[in-house]
Amino acid sequence: MTEAPLLRARGLTKRYHRRRASPGTRAVDALVGVDLTLARGATIALVGQSGSGKSTLARCLARLEQPTSGAIDFDGADVSALGGTRLRAFRRQVQLVLQDAAAALSPRLRAAEIVGEPLEILAQGTRAERRRRALELMETVGLPPTLADRRPLELSGGQRQRLSLARALAVQPRLLILDEAFTGLDASIQAQMAALLQDLRRQRNLTYLLVSHDLALMSVLADEVAIMFEGRIVERQEATRLFMAPEHAHTRALVAAVPPLPPAPEAVEGGPAAR
Amino acid sequence: MPRLLEVRDLAVHYESGAGAPVAAARGVTLDVEAGEAVGLLGESGCGKTTLLLALLGLLPPSARVVAGEVRFRGRDLLAMGPSEMRRLRGAEIAIVFQDPALALNPVRRVGAQVAEVARAHRDQGARRCREDAVAMLAEVGFAEPARIAQAYPHELSGGQRQRVVIAQALVCRPALLLADEPTASLDSTAQAELRALLGVLQRRLGLAILMASHDLGALSALSRRLLVMYAGAIVEEGTPAQVLGDPLHPYTRGLSRAYPRPVTIPGARASPLAPIPGAPPDLSRPAPGCAFEPRCAQRQAVCIERVPAAVQPAEGRHVRCVLYD
Numbered sequence: 001m002t003e004a005p006l007l008r009a010r011g012l013t014k015r016y017h018r019r020r021a022s023p024g025t026r027a028v029d030a031l032v033g034v035d036l037t038l039a040r041g042a043t044i045a046l047v048g049q050s051g052s053g054k055s056t057l058a059r060c061l062a063r064l065e066q067p068t069s070g071a072i073d074f075d076g077a078d079v080s081a082l083g084g085t086r087l088r089a090f091r092r093q094v095q096l097v098l099q100d101a102a103a104a105l106s107p108r109l110r111a112a113e114i115v116g117e118p119l120e121i122l123a124q125g126t127r128a129e130r131r132r133r134a135l136e137l138m139e140t141v142g143l144p145p146t147l148a149d150r151r152p153l154e155l156s157g158g159q160r161q162r163l164s165l166a167r168a169l170a171v172q173p174r175l176l177i178l179d180e181a182f183t184g185l186d187a188s189i190q191a192q193m194a195a196l197l198q199d200l201r202r203q204r205n206l207t208y209l210l211v212s213h214d215l216a217l218m219s220v221l222a223d224e225v226a227i228m229f230e231g232r233i234v235e236r237q238e239a240t241r242l243f244m245a246p247e248h249a250h251t252r253a254l255v256a257a258v259p260p261l262p263p264a265p266e267a268v269e270g271g272p273a274a275r
Numbered sequence: 001m002p003r004l005l006e007v008r009d010l011a012v013h014y015e016s017g018a019g020a021p022v023a024a025a026r027g028v029t030l031d032v033e034a035g036e037a038v039g040l041l042g043e044s045g046c047g048k049t050t051l052l053l054a055l056l057g058l059l060p061p062s063a064r065v066v067a068g069e070v071r072f073r074g075r076d077l078l079a080m081g082p083s084e085m086r087r088l089r090g091a092e093i094a095i096v097f098q099d100p101a102l103a104l105n106p107v108r109r110v111g112a113q114v115a116e117v118a119r120a121h122r123d124q125g126a127r128r129c130r131e132d133a134v135a136m137l138a139e140v141g142f143a144e145p146a147r148i149a150q151a152y153p154h155e156l157s158g159g160q161r162q163r164v165v166i167a168q169a170l171v172c173r174p175a176l177l178l179a180d181e182p183t184a185s186l187d188s189t190a191q192a193e194l195r196a197l198l199g200v201l202q203r204r205l206g207l208a209i210l211m212a213s214h215d216l217g218a219l220s221a222l223s224r225r226l227l228v229m230y231a232g233a234i235v236e237e238g239t240p241a242q243v244l245g246d247p248l249h250p251y252t253r254g255l256s257r258a259y260p261r262p263v264t265i266p267g268a269r270a271s272p273l274a275p276i277p278g279a280p281p282d283l284s285r286p287a288p289g290c291a292f293e294p295r296c297a298q299r300q301a302v303c304i305e306r307v308p309a310a311v312q313p314a315e316g317r318h319v320r321c322v323l324y325d
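As they're listed, the protein sequences go chains A and B.
Going letter by letter, the first sequence gives residues 1 to 275 in our numbering.
Going letter by letter, the second sequence gives residues 1 to 325 in our numbering.
Chain A extracted, bound-state conformation (with noise of 0.2 Å):
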């Protein structure tokens, strides 16, 4: 028998309703009937073009927005109507990073502050004890200590997003939503990303369900991905088979639009010994 899935959603529906709204303007389906099982330890990618939906799925799943409708099992109980401290407790087993860390982070904390904060609103640990483990936390994503004073604004846009990354990890989550978590930096950087959310499932356990517009990328990081089109997951399959066999008139057009790479060259090695 297979495990419980870490994260099973069924039928979520989301619908804002415009204020002010002007006459003959409707409300807006965000969503319209998702499914999503992330199994355990599985790179789930959703990817859609802007306005589909994708973002709102996120928030949805991390319980920061409430759907309209529709049911959430984490781990194989219900969360979709918990309140007060069983809430929290929850959301401290997914947690999201957003595209633009810049944004996400507080300009007036210095790095170890940051990334110790989310122990500080749990009361965990006295200040030395908090500080010593966002020291640790840092250097699990590559942050050396010397960057720990630094405020978000002196970091570089890949540093910034591993300290956000940093932050997620305090709590010790057990999904990470990693929201258009790419998007905005270089190649060599996005791969550098890629190889360190690699080690941390390795060690930590985790599920990653990376949220993106970038169709090639996320075909090479995930498992699986799932297309999303005007609020409804139209298709879902093994990235390895994505570019193969797109099924849905969207996928095939989002497929298309990926412009083809000649192949990559060979790696060489050898030069720093010849130091």
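Note that these hints are calculated values from the structure, not bench results.
The structure presented is a predicted model; accordingly, all values stated were derived computationally and were not measured.
Cβ atoms here follow ideal geometry from the backbone N, Cα and C, with glycine treated the same way.
Wrong hints could be hidden among the right ones.
Output of the computed footprint for chain B on chain A, the stretches with three or more beta carbons under 8 Å from beta carbons of chain B [claimed, not checked]: (1) 71 to 82; (2) 87 to 100; (3) 124 to 137; (4) 145 to 158; (5) 258 to 264.
Since the structure of chain A is already known, use the hints to place chain B on it.
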């Protein structure tokens, strides 16, 4: 006949308060022939934008050209006065940027914004300029150009706004279009449309394009030649297939391997993205040697001693690396 654009040993410095100046462009040499599309590939901070701005005299006050030459149809652009440069910009060389929303006035109809470019450069009446604007909107792929001309920017999608900006840039039929990450703010399907449009315009108008981007796909689809920039210098040049599939410079090799390549062979596994270790250097403290040396898998003792000269190991290819000296 002189080349369309010739850049020789261009160097640009940014002043940074009391600190050492930042060398954002160093010894940049490149040519663009009439009607040719050239891609400029590089990551954030490598100097792509600085280079494009320097060509048109649009650098911010903190920056200045400290060395080099820029010639357009034989004319020295660096020696041009402000009014002469204003006449050239838009009429002979145009530039488009990443974010079309920032390039358009939100409270004016887009047709008027295209027409005003024609008005600034052409000795013709307002009505004729409006007609030119509508014709240009048709040229960039709008099926109902007269209706689009009446729209405000917020009524258009990102891809439509970028096409309006391109119409603005091309309405006076410049010979050279500089494009700085023109696809970066768009959805993937709009990116594909814009790439195709730029290719069509290049052929139909005989337009030369110098496009800076970190979008490998866009550059390889559009350009005949690709220049790779790292830490303010051009380190490699060749066709897209050569540069991306058979790179010479270790940085280009690393960069090409860092891009995702979807699996298109049955049964194959996705190859993991190969990161380049480390980060680009601090350009306010340029090292005496090769700027890529600290991150290079093939570095040698000599690399920290001198900046390698550009060599031509094969026809049409250039590289700056001691491996080819």
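So, going through the hints one by one against the coordinates:
{"no.": "1", "hint": "71 to 82", "verdict": "violated (count 0)"}
{"no.": "2", "hint": "87 to 100", "verdict": "violated (count 0)"}
{"no.": "3", "hint": "124 to 137", "verdict": "violated (count 0)"}
{"no.": "4", "hint": "145 to 158", "verdict": "holds (count 3)"}
{"no.": "5", "hint": "258 to 264", "verdict": "holds (count 7)"}
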